[in-house]
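Engineer: Sequence:
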Amino acid sequence: MISLQQLELAINSARQANPSQGADAQLSPDVALLAGLYGRMIFYRLKALPLSSLSQHEFEAWSRWTSPHAAQTQNPPYPADQASDKP
Numbered sequence: 816m817i818s819l820q821q822l823e824l825a826i827n828s829a830r831q832a833n834p835s836q837g838a839d840a841q842l843s844p845d846v847a848l849l850a851g852l853y854g855r856m857i858f859y860r861l862k863a864l865p866l867s868s869l870s871q872h873e874f875e876a877w878s879r880w881t882s883p884h885a886a887q888t889q890n891p892p893y894p895a896d897q898a899s900d901k902p
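Residue numbering for the sequence shown follows the working numbering, starting at 816 and increasing by one per position.
It should be emphasised that the hints constitute simulated quantities derived from the structure, not laboratory data. Being a predicted model, the structure only gives us computed values, none of them experimental. Just so you know, even glycine gets a beta-carbon here, dropped at the ideal spot from N, CA and C. Please note that the accuracy of each hint is not assured.
[What the hints assert, rightly or not] Label-pair restraints from in silico Cβ distances:
{"id": "1", "residue 1": "R860", "residue 2": "A838", "range": "33 to 43 Å"}
{"id": "2", "residue 1": "S868", "residue 2": "G837", "range": "30 to 40 Å"}
{"id": "3", "residue 1": "Q836", "residue 2": "M816", "range": "24 to 34 Å"}
{"id": "4", "residue 1": "S868", "residue 2": "L824", "range": "16 to 26 Å"}
{"id": "5", "residue 1": "S818", "residue 2": "S870", "range": "10 to 20 Å"}
{"id": "6", "residue 1": "I857", "residue 2": "P834", "range": "31 to 41 Å"}
{"id": "7", "residue 1": "R860", "residue 2": "G837", "range": "27 to 37 Å"}
{"id": "8", "residue 1": "A863", "residue 2": "N827", "range": "11 to 21 Å"}
Generate the whole structure from the sequences, applying the supplied hints.
Structural biologist: The structure is reproduced here in structure tokens:
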């Protein structure tokens, strides 16, 4: 189970390690996934959510930011960053 408070901690860890970028303050992929999950929990007034209800991508993002080394983890580059790396 994921509690709302645990999800908030994971989002804060991900945001601290991967702050918003660009003029439009684009969220990192993991923050966007976790924030969407958080929004659904708020909308449906859920205090907790079973891990089995997460998509594969949500579960992977959750796992990255709840592990002991989460604060040191960086997301892969933003899609726009990947495009700029190409000649």
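Engineer: Each hint should be assessed against the structure and marked as holding or not.
Structural biologist: Status of each hint after checking the structure:
no.: 1; hint: R860 - A838: 33 to 43 Å; in the structure: 35 Å, holds
no.: 2; hint: S868 - G837: 30 to 40 Å; in the structure: 32 Å, holds
no.: 3; hint: Q836 - M816: 24 to 34 Å; in the structure: 32 Å, holds
no.: 4; hint: S868 - L824: 16 to 26 Å; in the structure: 19 Å, holds
no.: 5; hint: S818 - S870: 10 to 20 Å; in the structure: 19 Å, holds
no.: 6; hint: I857 - P834: 31 to 41 Å; in the structure: 23 Å, violated
no.: 7; hint: R860 - G837: 27 to 37 Å; in the structure: 33 Å, holds
no.: 8; hint: A863 - N827: 11 to 21 Å; in the structure: 18 Å, holds
Checked against the numbered hints listed earlier, the structure breaks hint 6 alone; every other hint is satisfied.
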